Amino acid sequence: MSKELVYVCSPLGAPTKEGVLNNMHKAREYAKTVSEKMDCRAIAPHGILPEYLDDNIPEERAVGLRFGLDLLRICKKMVVCGNVISSGMQKEIELAEKLGIEVRYLKEQHQPRVTITVIEIEGE
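Under the numbering used here, the first residue of the sequence shown carries the number 6, and numbering increases by one thereafter.
Careful, some of the hints might be misleading.
The calculated EDC-like cross-link candidates involving lysine to aspartate or glutamate, where the alpha carbons are at most 16 Å apart (straight line), are [stated by the list, open to error]:
1) K82 / E9
2) K37 / E113
3) K42 / E113
4) K112 / E9
5) K82 / E102
6) K82 / D44
7) K8 / D44
8) K81 / E107
9) K42 / E9
10) K96 / E107
11) K22 / E56
12) K81 / E102
13) K81 / D44
14) K82 / E107
15) K22 / D60
16) K37 / E9
17) K8 / E41
18) K22 / D59
19) K81 / E9
20) K81 / E99
21) K82 / D59
22) K96 / D75
23) K103 / D60
24) K82 / E56
Keep in mind the hints are simulated off the structure, nothing from the lab.
If you're wondering where the values come from, they're calculated on a predicted model, not measured in any experiment.
When you get a sec, could you build the whole thing from the sequences and use the hints?
Structural data, given as structure tokens:
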């Protein structure tokens, strides 16, 4: 039997290219951590897609956003990560709630760079 698919919701945007790259790396780390902690298949499309789609080209941005929302629709749960909820994250959370997808929040200690120490995933 396949493991449950879980959507990782975390910030992507940042004022600098380096900030965006750092947030992409964090998203991939969150997905890895959530997969291990919840014994699931956690996925963070924003940790990968910006490598292939240019957010500054409207058509490519639209494809990326649509892909993420379509992916969310087939997930059983969402885990919200990070210390900030961006407007894009808020839209994802609202869609998850509208679709009846369970939303959990990752509580973590802030560590330098992207080391993630999970305290708990609310709802476990």
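Review point. Holds or violated: are the alpha carbons of K37 and E113 at most 16 Å from each other?
Key: This hinted pair holds, its Cα atoms lying about 14 Å apart.
Would the hint linking K82 and E102 be met if the CA-CA limit is 16 Å? 10 Å, holds
(message) Check whether the Cα positions of K22 and D59 lie no farther apart than 16 Å.
(response) Cα-Cα ~12 Å, so holds.
- Item | Pair hint outcome, K82 versus D59 [Cα-Cα no greater than 16 Å] | With Cα atoms ~28 Å apart, K82 and D59 exceed 16 Å; violated.
Discussion item. Please verify whether K8 and E41 have alpha carbons no more than 16 Å apart.
Written reply: 11 Å, holds
query: Is K81 close enough to E102, meaning Cα to Cα at most 16 Å?
result: 11 Å, holds
Run the distance test for K82 versus E9: straight-line Cα separation, threshold 16 Å.
8 Å, holds
Requested in this report: Verify the proposed pairing of K81 with E9, using a straight-line Cα cut of 16 Å.
Outcome: Within the cut-off at roughly 7 Å; holds.
With the threshold set at 16 Å, check whether the alpha-carbon distance from K37 to E9 stays at or below it.
14 Å, holds
Need the status of pair K103, D60: alpha-carbon distance at most 16 Å?
At roughly 26 Å apart (the allowed maximum being 16 Å), D60 and K103 break the hint.
* Asked: Holds or violated: are the alpha carbons of K112 and E9 at most 16 Å from each other?
  -> Status violated; Cα separation ~21 Å.
| said: Check the hint pairing K81 with E99 against an upper bound of 16 Å on the C-alpha distance. | reply: Given that 16 Å is the threshold and the Cα spacing comes to 15 Å, the pair holds.
Hints 4, 21, 23, 24 from the earlier list are contradicted by this structure; the remaining hints agree with it.
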